[in-house]
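Fit chain B to the given chain A structure using the hints.
Number of protein chains: 2
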Amino acid sequence: MRALTVTPGEQDSLLVTDMPDPVPGAGELLVEGLALGICGTDREIVASAYGFAPPGEKRLILGHESLGRVRQAPAGSGFVPGDLVVGVVRRPDPVPCQACARGEFDMCRNGRYTEHGIKEIHGFGSELWKVEVDYAVKLDPGLEAVGVLMEPATVLAKAWEHIMRIGARAWFEPRRVLITGAGPIGLLGAMMGKARGLEVHVLDLATEGPKPRLVHDLGGVYHTGSVGEAVEGCRPDIIIEATGVGRLVFDAMENTAAAGIVCLTGVSTAGRHMEVDAGSINRDIVLENDVIFGSVNANLRHYEIAAAALAEADRSWLERLITRRVPLERALEAFHPEPGDVKVVVDLGRE
Amino acid sequence: MRALTVTPGEQDSLLVTDMPDPVPGAGELLVEGLALGICGTDREIVASAYGFAPPGEKRLILGHESLGRVRQAPAGSGFVPGDLVVGVVRRPDPVPCQACARGEFDMCRNGRYTEHGIKEIHGFGSELWKVEVDYAVKLDPGLEAVGVLMEPATVLAKAWEHIMRIGARAWFEPRRVLITGAGPIGLLGAMMGKARGLEVHVLDLATEGPKPRLVHDLGGVYHTGSVGEAVEGCRPDIIIEATGVGRLVFDAMENTAAAGIVCLTGVSTAGRHMEVDAGSINRDIVLENDVIFGSVNANLRHYEIAAAALAEADRSWLERLITRRVPLERALEAFHPEPGDVKVVVDLGRE
Chain A
624 MRALTVTPGE QDSLLVTDMP DPVPGAGELL VEGLALGICG TDREIVASAY GFAPPGEKRL
684 ILGHESLGRV RQAPAGSGFV PGDLVVGVVR RPDPVPCQAC ARGEFDMCRN GRYTEHGIKE
744 IHGFGSELWK VEVDYAVKLD PGLEAVGVLM EPATVLAKAW EHIMRIGARA WFEPRRVLIT
804 GAGPIGLLGA MMGKARGLEV HVLDLATEGP KPRLVHDLGG VYHTGSVGEA VEGCRPDIII
864 EATGVGRLVF DAMENTAAAG IVCLTGVSTA GRHMEVDAGS INRDIVLEND VIFGSVNANL
924 RHYEIAAAAL AEADRSWLER LITRRVPLER ALEAFHPEPG DVKVVVDLGR E
Chain B
624 MRALTVTPGE QDSLLVTDMP DPVPGAGELL VEGLALGICG TDREIVASAY GFAPPGEKRL
684 ILGHESLGRV RQAPAGSGFV PGDLVVGVVR RPDPVPCQAC ARGEFDMCRN GRYTEHGIKE
744 IHGFGSELWK VEVDYAVKLD PGLEAVGVLM EPATVLAKAW EHIMRIGARA WFEPRRVLIT
804 GAGPIGLLGA MMGKARGLEV HVLDLATEGP KPRLVHDLGG VYHTGSVGEA VEGCRPDIII
864 EATGVGRLVF DAMENTAAAG IVCLTGVSTA GRHMEVDAGS INRDIVLEND VIFGSVNANL
924 RHYEIAAAAL AEADRSWLER LITRRVPLER ALEAFHPEPG DVKVVVDLGR E
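Taken in sequence, the protein lines are chains A and B. With my numbering applied, the first sequence corresponds to residues 624 to 974, in that order. With my numbering applied, the second sequence corresponds to residues 624 to 974, in that order.
Bound conformation, chain A alone (with noise of 0.2 Å):
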């Protein structure tokens, strides 16, 4: 089979390679690829800054925003061919730390976790690939345009859930979010935050493109320029950052309501050096009861939650997240960014 692999630590090694095709074993699935999207982290490892071929591999298969179409499924295993599929990205280790012991892998303790597509086993930018029926998640049949989403998607799903858990330990009844960066994650963040009933607002330096018209049609207030501007006279009770842009971070962590919460899910990069007010930002934290924190990845149950989210949502706004899809032997030229990307995809399906 054709996939999309990588030398991790190797500049522009990302080819399109043939590579043997998987061989499911008990409790697995076998499932045909049919779109894989493309993210920041990917990008990361093709520029060589990240990522882990498996034990003993040289190249690892990229991927981890996965679509399938399950093509063998053993029996019993609530599966049939035929079924729209998405494999779950992370894995905890065989002794597994504590709270990855419980499912929470996407709260591991120990790091010693791995990761289809970026740490340690093969990704799902293949023509076909195997997944456990354990960490296989259906999606409604209906999503096949969109169930490529399904992966940021669940980023989002537990970014809510730590936001709505971690505001219930006092009073919380949030009104206003704001998001930074209407890219896939930040417009997944607005489009959930409107489905609990919340004002949104969605910040970007874009004036063009698809973006303001998809928080438009969302429902949501689309902003340019600085945080400050965009929470004038009515800050947020939530802020969902989404670009990891330092001073975003920074904006984001003095400008919500009192007790506010602002949940950081863009992976920066280090040695991004600025100056700050320690003594203000520390201040105003303190005297509101500010919380920051960081999400990352998702469990099964947050899997579960963007399947639904998903599959409530309007249809044709999502497909329009997905602004750009080449063919998987054009798949270096997703990683070339174009004016007006939002989500990029990769088509892995056999004509």
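Worth double-checking, as some hints may not be accurate.
Label-pair distances were calculated between CB atoms; the ranges are [unchecked claim]:
(1) T847/B - T892/A: 29 to 39 Å
(2) A791/A - G734/B: 16 to 26 Å
(3) R788/A - T847/B: 34 to 44 Å
Just so you know, these hints were derived from the structure itself, not from any lab. Note that beta-carbon positions come from the ideal geometry of N, C-alpha and C, so glycine has one too.
Only chain B this time, still in chain A's reference frame:
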């Protein structure tokens, strides 16, 4: 009666002056002041950096770390003359926000609360004071020597409650806590960490004086030097930051274990600029699912928790936190730091 008063906004205005005796209304206790703890907020008010007199008055009776003995109590109030009592610091606005309406005035959303000795209502730094029965907390009769530590203990009772509630968003069984700053807040935080069965580390600059011994006698490990050195090889699940020093705040953010929680309790001054690696801080918070939150003030539930914590604690250890006592007529001396100070208390009792 004599009282410790200040004209907010006016330098060098701290004085022991004569003020009218309080006249308790229905539902109020008349209390003989026993002791008043002095903290950083009092020093900020004395330095004219904060503080508000009651509407229509020029001078504010200072003091929010109270301890007194009931002289007069309404029948059926649950209090009788002779009871040891502490007054709650904060009051909700008569038109409360939704948090205040639920008794969570510590989480006030609109900032229109008042605070005894700080914001618009007289404090407890006087020979006599009055307090509403509903905002008075009875102490174990054996706590006369240390009951003045109640208010700082309530701040920690709330901080620990929120740490555990936030932690409970996922699996959370913390083993190790680091406290930065061995002042009264830090040491009471350490005491409560020990009471929870945690391994307790305390970091402070002091190499002499009572602090190292106080930590040691609690069964904790005392560190000087940097946060990085204090946590080397065993990063803490929880950091309680009790200095407000910018460098420590950011070091705390980067030095927790995965899924770590940093609780900021130190109120710092704005205008402390420093350079930080925003990329690295954000990346660490996200990839480790870390939380940073601020905690200030306390509601009635936290007063009850703190009263129980003091009643169960080692009294002789608590007494050693009070390193200096000055009589009311020499109260100004309490505002001049001396080597070895932990908690300085003004004795209010008439001889």
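Verification of the hints:
1. T847/B - T892/A: 29 to 39 Å: Holds: the Cβ-Cβ distance is about 33 Å, inside 29 to 39 Å.
2. A791/A - G734/B: 16 to 26 Å: 22 Å Cβ-Cβ, so the 16 to 26 Å window holds.
3. R788/A - T847/B: 34 to 44 Å: holds, 37 Å
Every hint from the earlier list agrees with this structure, and none is contradicted.
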